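**Student:** On the provided structure of chain A, position chain B as indicated by the hints.
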Amino acid sequence: MPRRQLALLTGILSVSILASVMTVVWGNEPLLGLDLQGGVSVRLAATEPATEEMLDQAVSIIRDRVDGLGVAEPEISRTETGVMVSLPGVDDQERALSLVGTTAELRFRPVCGISNTARPEALAVGSWSGIHAACSEVESGAVVPAIGTNGYTDPEDDLIEDFVVLGLRGDASGQRYLLGPSVLTGEAIADANPLFIDYQWQVGLDLHKGSVGVDGFNDIAARCFAGDPTCPRVEGSPNGRLAIVLDGQVVTAPSIRAPEFQHDAILISGGFEKAEADDVSLALRYGALPVELEPENTRVVSATIGEDSLRAGVVAGLVGLLLVAVFIVGYYRILGLVALASLAISGALLWAIVAHLGTQSGLALTLAGVTGLIVAIGVSVDSNVVYFEHLKEDVRDGRTARSSVDRGFPIAFSTIVKADLASLIGAGLLWALTVGAVRGFALYLGLATILDLVATYFFMGPMVRLLAGTRWFAEHPERFGLPASGAVPARRSANAEVSA
Amino acid sequence: MKTLRALYRGESPIDFPALWRPAIVGSITIVVVGLLSFAILGLNLGLDFEGGTSYEVRAPDATVADTREFVADLGYPEARIQLVDDDIVLIRSDVQDPTRAVEIRDELIAGLGPVVAFEQVGPTWGEEVTDKAVTALIVFFVVVALYIAVRLEWKMALGALVAVAHDIVLSVGVYSVFRFEITPATVIAFLTIMGYSLYDTIVVYDKVREIVGRLGATERYTYPELMNLALNRVAMRSINTSVTSAIPVLSMLLVGSVVMGATTLREFAVALMVGIVVGSYSSLFLAASLVSALKEREERWRLIGDKVRGRLDGDGADDSTTHTRTIERSDVVAADTRAAPRRAPGGGPAKRRPAMTAPSGGGVPPRPRKKKR
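These protein sequence lines map, in sequence, to chains A and B.
Sequential numbering from 1 applies to the first sequence in the numbering used here.
Sequential numbering from 1 applies to the second sequence in the numbering used here.
Honestly, the hints are just simulated from the structure, not real lab data.
Nothing here was measured: the structure is a model prediction, and the numbers come from that model.
Take the hints with a grain of salt, since some may be wrong.
[As the list claims (entries may be wrong)] With the C-beta cut set under 8 Å, the calculated list includes, among others, these residues of chain B facing chain A: (1) ASN44; (2) ALA185; (3) VAL187; (4) TYR199; (5) ARG237; (6) PHE268.
For glycine and all other residues, C-beta sits at the position ideal for the given N, C-alpha and C.
Here chain A stands alone, though its shape is the one from the complex:
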């Protein structure tokens, strides 16, 4: 009854073809790991015990920094003791390393001017005056802020004593702030919390006492309140504004509405949503990175080395596959072709899944993964070998080829399931209990094992049964690598004494 076999075959073939076509249509491609395309990976450890919240904050700060690098798939995650940053394919490795490692400082800078224009030439020194107020030294041309090609001050020029041009955090409108030298740093801040006062979310700021604290703050506050040239009134505001800058981005730039503040009674109101208030207070509280992170493990792989490894892996895989094909077809003939087709099906499905995971979930294929897949070739072929050898035994035991096919598959499949389940248990445990490369290996081992079972059950079994139904199969068992069917050979006893 070939209907069931035909249904299974049609099913698995359609699924494989559909998966391959969708992979191409969606443009899914496997995401290559650091070791295959080059890049930077840094594992940072907190120098002192850190809470999850602090590490999460560190992760989001690092992600903000890294976004500027144009890395396609940055992977930044919290580990038990720190942060893991992986930047495959990053061009500027030097900068990536310095960005990730440094503990940026929170700075208070007076706002000298605000420009809404995105045109760099409009940022020429003179243009700040007239339209907007500008701090005296810039206005007079005595000091020129360093401006990079993108119209902002580059991170390496963002120095504490210089005038800088920076953007607002989380703002894509291209608004630029011309800021004066830093007057106070994050060290001044004791605490910051979101508060719900007067029916709106505000951020309450608590400063330390002393000169590096509330006194320093009041010094600049008085100037801003009065609209002193070092902290002028901008855009028609009655008072000057003081920007709080983190990592080259303005977190918030409140107007100073009083000449003097109590150290624990500073309120920043800006029509915040709750989330914004949370965000701003987190940034203020932790200054920059909430914990000090030290690189514990740094890995830099140049793009050429990565490509070499990838090419070597791919060529080795293809050559290996070709040789396996020659061997298996030479040994099992037409059954060997079935085995190869079965391998092709699990390969197509595996490719689709790996590409999907790479594109959708950012799961990278590493060298360990590639080698895992190469090894999987051998194990996948084994499922076929187990069945075919079983067929041969049954035929020698006197069964017809067709009855061997029917009887043998459930037995062989049961063996394969037993053995594959052990592999799956191993893969699952490794996935759950380990980290890093070992985990990637476990994933691909598990995937390949499952697909091996799928291809065996849905393709190889039905295909062999279908072939067994043909007259060709009954007449030419040798073309299927099977011994001539039927009776027990008579010359058996002659070999009884042969030993290894």
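**Tutor:** Structure of chain B alone, referenced to chain A:
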């Protein structure tokens, strides 16, 4: 070659029980050597486990001596220098301070050539990874033992664990004796070997179970004899699978690492080659012999053994304790027919039996061919 041809024809040319003793002696010797080497020499732990810094510098003109001098001038005379490729020099030092590591890198770029790969590892990283791997390993052993005990039987679980442990000790021993460097890739290779060895052992055990299920009921053969038949019948599969598994790995070793110079692949491939060969060997020789020895002590098999030996002695055969009779194919077929329930004569429309899903008790007759034409 002759043996191989006989195996191919489905005969039973190998007397496995006779080979078990030398195999066990050999294995124990090698394991002891491996353990000794491990205890005395230890392992050549890579960067990830010891901490330190490595640089790969593209410097086509630099010799090892040049580089050593250059690095010594920087203050690291004991750094290890190695020519990886024609144009790449690998420099390993024990520098663990990140800032200093970066400074050295800049010096290398200025003095030797572009640094194509740079790795700096703190001392705690390897410990953490090792701890996790060891935990995973122990849990793995326990769970897999339970699994085999449930799916097959506990004696086989024991045999499989011994075989897997043997393979791991041997692979680690090879790394220790030949001073190969242990890297995270090596750890993965060991895990692959473990998985492969286990997989192979289960396939062999399942065959043993099938054969014992078919012929055990006749009570005419001892357990080692049945085991011998099963091993001979599964040997061709083991060889073929080893070959198809080894070919890609060999290709990785030759094409990938020797021809194309991907060094990461080389370490991996060497470990895997050892693992595949040893994995197949241990299934047929160690895992099988242990189960055979355990089963022979069982009441049922002891009685059968006594009976068989008694009959042989009666026949005037020579000392039979070491001799394993080869079970003929005709006997297997006969046992199948005997064990089969009575069928309607002429293979007529007998009642259809449900297809077997697993090798259970007795043999199953060939399914009657359906009349169709």
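**Student:** Evaluate each hint against the coordinates.
**Tutor:** A quick look at each hint next to the structure:
1. ASN44: Not OK, violated: ASN44(B) not within 8 Å of chain A, min 19 Å.
2. ALA185: holds, 6 Å
3. VAL187: At about 7 Å, which falls below the 8 Å cut-off, the nearest Cβ of chain A leaves the hint on VAL187(B) intact, so it holds.
4. TYR199: holds, 5 Å
5. ARG237: holds, 4 Å
6. PHE268: PHE268(B) check passes; min Cβ-Cβ to chain A is 5 Å, inside 8 Å.
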